[in-house]
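Based on these hints, arrange chain F on the given structure of chain D.
2 protein chains.
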Amino acid sequence: MSKDPLVIFTPSGKRGHFPVGTPILTAARKLGVDLDSACGGRGICSKCQVTPSYGEFSKHGVTVAKDALSEWNTVEDRYNEKRGLISGRRLGCQAKVQGDIVVDVPAESQVHKQVVRKRAEARDIVVNPSTRLYYVEVQEPDMHDPSGDLERLITALRKEWELPELEADLSVLKALQPVLRKGEWKVTCAVHLGDDTFSPRIMQIWPGYYEGSIYGLAVDLGSTTIAAHLCDLGSGEVVASSGIMNPQIRFGEDLMSRVSYGMMNASGADEMTDAVLEGMNALFVQIAAEAEIDRNLILDAVFVCNPVMHHLLLGIDPFELGQAPFALTTSDALALRAVELGLNLHPAARVYVLPCIAGHVGADAAAVALSEAPDKSEDLVLVVDVGTNAEILLGNKEKVLACSSPTGPAFEGAQISSGQRAAPGAIERIVIDPVTKEPHFKVIGCDLWSDEDGFAAETAATGITGICGSGIIEAVAEMRLAGIVDGPGLIGSAEQTGTDRCFPEGRTNSFLIHDGTADGGPRITVTNVDIRQIQMAKAALYSGARLLMDKFGVDKVDRVVLAGAFGAHISPKHAMVLGMIPDAPFENVTSAGNAAGTGARIALLNTDARKDIEETVRNIHKIETAIEPRFQEHFVNASAIPNSAEPFPILNSLVDLPDVNHNQGGGDKSEGRRRRRKRAS
Amino acid sequence: MSKDPLVIFTPSGKRGHFPVGTPILTAARKLGVDLDSACGGRGICSKCQVTPSYGEFSKHGVTVAKDALSEWNTVEDRYNEKRGLISGRRLGCQAKVQGDIVVDVPAESQVHKQVVRKRAEARDIVVNPSTRLYYVEVQEPDMHDPSGDLERLITALRKEWELPELEADLSVLKALQPVLRKGEWKVTCAVHLGDDTFSPRIMQIWPGYYEGSIYGLAVDLGSTTIAAHLCDLGSGEVVASSGIMNPQIRFGEDLMSRVSYGMMNASGADEMTDAVLEGMNALFVQIAAEAEIDRNLILDAVFVCNPVMHHLLLGIDPFELGQAPFALTTSDALALRAVELGLNLHPAARVYVLPCIAGHVGADAAAVALSEAPDKSEDLVLVVDVGTNAEILLGNKEKVLACSSPTGPAFEGAQISSGQRAAPGAIERIVIDPVTKEPHFKVIGCDLWSDEDGFAAETAATGITGICGSGIIEAVAEMRLAGIVDGPGLIGSAEQTGTDRCFPEGRTNSFLIHDGTADGGPRITVTNVDIRQIQMAKAALYSGARLLMDKFGVDKVDRVVLAGAFGAHISPKHAMVLGMIPDAPFENVTSAGNAAGTGARIALLNTDARKDIEETVRNIHKIETAIEPRFQEHFVNASAIPNSAEPFPILNSLVDLPDVNHNQGGGDKSEGRRRRRKRAS
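In order, the protein sequence lines correspond to chains D and F.
The opening position of the first sequence corresponds to residue 0 in numbering that gives the first Met the number 0, with each subsequent residue numbered one higher.
The opening position of the second sequence corresponds to residue 0 in numbering that gives the first Met the number 0, with each subsequent residue numbered one higher.
One should not assume that every hint holds.
[To be verified] Pairs of lysine-lysine, DSS-like flavour, derived with a Cα cap of 25 Å: (1) F:K610 with D:K158; (2) D:K610 with F:K158; (3) F:K158 with F:K81; (4) F:K398 with F:K550; (5) D:K81 with D:K13; (6) D:K555 with D:K398.
Calculated from the structure, these hints are not laboratory results.
In this text the structure is predicted, and so the values were computed from the model without any measurement.
Here chain D stands alone, though its shape is the one from the complex:
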């Protein structure tokens, strides 16, 4: 039996015997414990911090004496003075084994940190970026054995960090000689570890030990808005988030009008590309300013977008996407240099664009698949990304199907009589008392409901200007639940419904939500045409999902995930009341928030996830709704708004369920309670 002390690491449980005097970092490396170090154990980087535990550990079968580690040394003193070491922590490269010891590796000292996500079913983000920092000491030049400074740097990186044969970016070559000499042959390198497209490469170099971070951008390039998350590539944390309107809106609100613009104007596609690049470069300046970092520290960027935006980002005319057979120029993932695209980041920065699934199911849907991982799900999950087009994924570990369904812009508040974009003043939540038929509502920008004290004062500035997408869905669903609308989608008359809020308009009736004319505001109503729009949209969505279920050979799904910024705001209950989504246990209908953005973040932070989603997308079976006769059939059958009898037997049970919105982005958790209070009153 070994007489060497036993070293046990938590939380991994890895253990081994090591001679007295072995640094904890060395022991960790030998055991394959995930303990970070950027300086190679020189007491500079402090990334190898550990927390030793003392006392008796019956679970591990050891008793740890007070002197189980070498004494606190001058390196630790210096580091503590300079930047402060959390009480109880030691530097793993300095603390040496003296006796049996139990050492905890805190989360932030792990190389492959995890950014834990709140939803249990969502995959955690493993931090395993393609570009990392390495500190290294380089041999000085020698006339007797001439070699380039770069070659000696590469040799040092290979020897100390076991990195592959590297190349250097041209920008690094230009800076190399002065930086090496300024750092007295000690430098920190940002190294891109290589992928299918790019050979491993030194991206940036700093003299001495570089204490800062390097960053990456996860960009969700939507047709309406462009959202970016700036992430620390070391910790995986989001350090800033920012968004702008897509400047292409001036060429057309929706995708098809942009495709048309490209068709009607010789340089139309180029103009749109220039516009979106200009917008993104402005966004990058803005987000770097928010995070107070130099834009040149952004070394990587991941883009997710629909196929039309995908083509316009790359400078490709999306002409072919506007007509059958909807041929993509390229469907595979793309690895590029940011400069190729005209993006102003670090001169050597990389860009990764997720693969597209089909001509109507883009890299954004791939990102949703990466975030929600239907291909790794034990149970059958339906993932719906609701926007102007709905991208729908259905699958489990065995198989994943995908399609796109043309829901149109009604879900975004467009083509609705009182509709508007989600903006301050827009009605976003509605409750209609089933007895009195009186509506109460919330508007964006105010936390109060319309029947609460102070509502008028708090909304004075914005006014009450219209209904946004989530508001119109709730309005229609509540009107149905309150008996104001019948199954085929007709609004009853005042006599039929018993409320004066119903009034005739043309050959049908409309329903008054709010009359602001006394204060110079608009009359906000739901017309029967609005109901028709919502019926069409929801029928399209439902039919797409049903079509996939047919192809999968199932009648029901185990779970439904509503994704997309809009999905984040739809109340699952109202979605089910409307018949937007197929039948599923109510508690299994959740919102994934901005899943495409999350997928972008995963691909940014975890280089393995890129391989993963590329493989997944290759295996996703695409269904083209346009050429599937059954889609049309489902569509015709799905326009009705279900009632308790058919085809949704669980509808009645929903009426008293809380309508908690699982949106991660916050939201008022007390709404469910408040609602019941309202009803009771």
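Just chain F, lined up with the frame of chain D:
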């Protein structure tokens, strides 16, 4: 025994039996015969032309009947009408085996063509470029099985041409969809087959079968001139050659003054980089215009240059190269994109820069090594690239040594009293009659010797303006042979030499070559200071060579190769008279012409040669003359101009040898004869 007909290919001698009806191209492929085809056997490209032979072939043991191949068909007819087929030729993809047949593959139908070089000892250039053309038919898009146009193109290239998984350049993506549709799903692709830095990639795409060529540039980036050869990447032929003065000359004539300019001016290095890039882009426009091709068809470029030019090409301040330990930023070969450097070629064009050997022995020396291949030589060869610095290689199959020797600018006519650059009007050849001591000479721009009829008339335009580098070397050597100069390098007086052309100047004497003052021209003389300059320069060159011989442990070499544009003009005989180079059999002293430029051409045309020279350079042992005490020793001993007694016993025998200059670039072959006639007269 097989009853199938026997097919024999010449010149390879490969043979095999194939069923009746097998196309010759198919048979060639199965046997691994090097028969080209760009259209995949569709009768479009005509690259698979072969010459069948009929009759009895006792050597091969077959008799070929007249009907051994299928009859001339309509595809061949059409091709012959359109572009003409050389008599006796068939298209290998159309002609089918009917009986035993002998088929010759002409040189131009081979994939790996060879560009044969005139000198027996020089390596031929194998045409095996990194970028090639492929014709392919692509599957049309299908809504039922959506995939990107690019992915279907890549699949076709993989299936038809066994190419690896490709990517596409962004410029290809932009053009892809319209080109595929214009070509009705038949296209020609220029494909870069990949290297250590770049993954295999489609560089350009044309609708249908592209009948044109793609091109590459071999660029010899010298401190004084920039020379470029435009090569057809398919045939290997040089289609245009052009040169310009290096615009950096305004920052300093020689390398050290450019290094100084960078030291003295904050943005000095950047200015010099901008200047050389601007110059090269102008040169590329010029050479494309000469060849009457679109500059966008230039897909590859290879650069050779000395270390200072190497750094300035890349935008790196050459500061460190101006001081010990002469550390290069990088010594390895570089693969880059032309756009990264700011070179205006095809948007996806590649750039390859040969490796440097040491801080004073650059990529130009590596190119000389590639061209002259000392590492593949059975006998011991000394390769001298003579310029402002002399780069010297010594070696054989066992080992190669390299050094650089600071010869200074005297060999280029600088710092010589009547010296000038090689330009019209400069004296480049000199003969001094050993009896009468009368000099005769030739000037650049005139084919006549100065004592021939019409010389005065033909040189009236340029005048006789000075002596260039090769002229001063011949002058000093001829003065020594005629007894005008003694061993230590002193010019005798008129009394001592018996000619009035010797006249006192200061404490020593000068020698009058030509007095043009009567016509308003200069008096062209060789002063004793000039002799000293040449002595210093040749001593430096000789000492470098001797130092390598010491290191190699030899006293003599088997062969001497004089390389460099200047080396091309030095008469080997005069170089030996002067003692510029160590003793070697006279017939084994040859000139390699612009070996660096040839090396660049080899690296451009043969991708394997790049690996080869990278490996060779890694194995070359570098000697730094500055820190070798023996260099100084040799230098002191080498300043004398040898006489018949010592140290060059073969000197006397040289006097009557023809001084044929092995310069490949042409030159007057009758000079040797003419000279003897002069002497006789």
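Hint-by-hint comparison with the structure:
1. F:K610 with D:K158: With a Cα-Cα distance of about 24 Å, the restraint between F:K610 and D:K158 holds, given a limit of 25 Å.
2. D:K610 with F:K158: Distance of about 24 Å is within 25 Å: holds.
3. F:K158 with F:K81: With a Cα-Cα distance of about 30 Å, the restraint between F:K158 and F:K81 is violated, given a limit of 25 Å.
4. F:K398 with F:K550: holds (11 Å)
5. D:K81 with D:K13: Violated: D:K81 and D:K13 sit about 32 Å apart, past 25 Å.
6. D:K555 with D:K398: Holds: D:K555 and D:K398 sit about 16 Å apart, inside 25 Å.
The structure shown violates the earlier hints numbered 3 and 5.
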